[in-house]
Amino acid sequence: MNLHEYQAKELLKRYHVPVQNGIVCTTVQEVEAAYKEISAYTKSRFVVAKAQVHAGGRGKGTFKEVPEQHGVQVVKSEETAINVAKNMFGNTLVTIQTGEQGKVVSKIFMADDAYYEGASEVKEFYLSILLDRQTKRYVFMYSTEGGMNIEDVAHDTPEKIFKEWIEPGNPLHPFQARKIAFNLGLSGEAFKNCVKFVTNLYNAFSGLDCDMLEINPLFKTSDNKIIAVDCKMNLEDNALIRHAELAALRDKAEEDPTEVEASESNLNYVKLDGNVGCMVNGAGLAMATMDMIKLSGGEPANFLDVGGGANATTVEAGFRLILKDPNVKAILVNIFGGIVRCDRVAQGVVDAYNAIGEIKVPVIVRLQGTNAEAAKELIEKSGLKVQSAILLSEAAELVNKAVA
Numbered sequence: 001m002n003l004h005e006y007q008a009k010e011l012l013k014r015y016h017v018p019v020q021n022g023i024v025c026t027t028v029q030e031v032e033a034a035y036k037e038i039s040a041y042t043k044s045r046f047v048v049a050k051a052q053v054h055a056g057g058r059g060k061g062t063f064k065e066v067p068e069q070h071g072v073q074v075v076k077s078e079e080t081a082i083n084v085a086k087n088m089f090g091n092t093l094v095t096i097q098t099g100e101q102g103k104v105v106s107k108i109f110m111a112d113d114a115y116y117e118g119a120s121e122v123k124e125f126y127l128s129i130l131l132d133r134q135t136k137r138y139v140f141m142y143s144t145e146g147g148m149n150i151e152d153v154a155h156d157t158p159e160k161i162f163k164e165w166i167e168p169g170n171p172l173h174p175f176q177a178r179k180i181a182f183n184l185g186l187s188g189e190a191f192k193n194c195v196k197f198v199t200n201l202y203n204a205f206s207g208l209d210c211d212m213l214e215i216n217p218l219f220k221t222s223d224n225k226i227i228a229v230d231c232k233m234n235l236e237d238n239a240l241i242r243h244a245e246l247a248a249l250r251d252k253a254e255e256d257p258t259e260v261e262a263s264e265s266n267l268n269y270v271k272l273d274g275n276v277g278c279m280v281n282g283a284g285l286a287m288a289t290m291d292m293i294k295l296s297g298g299e300p301a302n303f304l305d306v307g308g309g310a311n312a313t314t315v316e317a318g319f320r321l322i323l324k325d326p327n328v329k330a331i332l333v334n335i336f337g338g339i340v341r342c343d344r345v346a347q348g349v350v351d352a353y354n355a356i357g358e359i360k361v362p363v364i365v366r367l368q369g370t371n372a373e374a375a376k377e378l379i380e381k382s383g384l385k386v387q388s389a390i391l392l393s394e395a396a397e398l399v400n401k402a403v404a
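First residue of the sequence shown? That's 1 in my numbering, and the numbers climb one at a time after it.
A few of these clues could be false.
Below, in silico cross-link-like pairs of lysine-lysine (DSBU-like), each with a Cα-Cα straight-line distance of 35 Å or less [said to hold, decoys possible]:
| id | residue 1 | residue 2 |
| --- | --- | --- |
| 1 | 179 | 271 |
| 2 | 324 | 107 |
| 3 | 271 | 192 |
| 4 | 86 | 64 |
| 5 | 86 | 294 |
| 6 | 232 | 360 |
| 7 | 163 | 232 |
| 8 | 76 | 271 |
| 9 | 324 | 360 |
| 10 | 60 | 385 |
Cβ pair distances, simulated, as ranges [stated by the list, open to error]:
| id | residue 1 | residue 2 | range |
| --- | --- | --- | --- |
| 11 | 76 | 297 | 37 to 43 Å |
| 12 | 266 | 131 | 43 to 49 Å |
| 13 | 238 | 144 | 30 to 36 Å |
It is worth saying that the hints were derived from the structure and are not from the lab. Just so it is clear, CB atoms sit at the ideal spot from N, CA and C, and this is done for glycine as well.
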């Protein structure tokens, strides 16, 4: 589950991780009031307006409706604050991570100025924690080259990216925290503050069951404080049972509507860019099915796992999801009857077909396993325009004809 910057920062505060403070706003009036409040108590030169969307690259991103407006902007007056708010609210921010469709902005985080007195002495770093699947350990990735161009740093000068691994279940050892601070070139009070920062950050990462936690930039202020100026946090969905209060932070408006609908129907669905919709029971079979679709000349339009207990309700929900994609030219239902009986799934297909009405694209149903022959007979006698198959090769041939 992805979080907004302002949500992630509030969670970090629980673990005593210093962050750039601010006020989240949902209206132009709130932005104006936030600017006045922050300017008054910080006596800073400016406030930073940050569009809140689930995507990186906001600083370089621009709005479709107002191309000159970026997703992050320095604000130095009430008038500018109002104009920026009007340019952001309700408009579509396009960044390197959103794709051309962009994301509509409904919240702005008005943040403190981290560049207070002695701006020439500040430094920006990059720091993240994530799972290294190759080593099966968590890894700190960090660099002295923080800021908006960290992707270019990783590509052009990979030697500037440092790594420190931690065994899952273990704490970050003091010597590891000191090593990170040393490699960032810090000394004195800044070194001590960095050691505390990375230690508490790892405590937050493990305590909140994060998948990924990225601080960019990690900031050294002119008075040697170490703070998180930006924060990107992903929580592990399967661990939310341990954090019931965090589930309420989910912003469904930031997610693909079809994937939200799928989750509410207990379906595992991921939209893809192809032309063959597929409905399968089991993640492994779903992956094999997508391979088969490609080998037959098509491109999978989705990953859809209806689970081991497929029935008429889940099959109907699956059909409705697939049919929302205008690119789908054919649908392949590939079910292995192990726990579930094929004839029950076949009846579910028939019931779903009748409930939805006419389906204008070819539907190929491949059922194998318990009662497969009975399932095929049931579909063939249903009178519906459904093509049945038992062998995978049969299904592949039918898919090939459908998309040719």
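Going down the list of hints, with the structure as the test:
For the proposed pair residue 179 and residue 271, the alpha carbon gap of about 42 Å is over 35 Å, so the pair is violated. At most 35 Å may separate the alpha-carbon atoms for a hinted pair to count; residue 324 and residue 107 meet this at roughly 29 Å. The hinted pair formed by residue 271 and residue 192 fails the criterion: a straight-line CA distance of about 46 Å is larger than 35 Å. This hinted pair checks out: residue 86 and residue 64 have alpha carbons roughly 14 Å apart, not beyond 35 Å.
Using a Cα cut-off of 35 Å, the hinted pair residue 86 and residue 294 is violated, with the two alpha carbons roughly 46 Å apart. Simply put, residue 232 and residue 360 have alpha-carbon atoms about 43 Å apart, too far for the 35 Å limit, and the pair is violated. For the suggested pair residue 163 and residue 232, the alpha carbons sit about 19 Å apart, so the restraint of at most 35 Å is met. Restraint check for residue 76 and residue 271: not satisfied, since their Cα atoms lie roughly 42 Å apart, outside the 35 Å limit.
Using a Cα cut-off of 35 Å, the hinted pair residue 324 and residue 360 holds, with the two alpha carbons roughly 12 Å apart. Distance restraint check for residue 60 and residue 385: the Cα-Cα separation of roughly 50 Å exceeds the 35 Å cut-off, and the hinted pair is therefore not satisfied. In this structure, residue 76 and residue 297 break the distance hint of 37 to 43 Å, their C-beta atoms being roughly 58 Å apart. Between residue 266 and residue 131 the beta carbon distance is about 25 Å. The supplied range of 43 to 49 Å is therefore violated.
Taking the beta carbon of each, residue 238 and residue 144 are about 35 Å apart, inside 30 to 36 Å as hinted.
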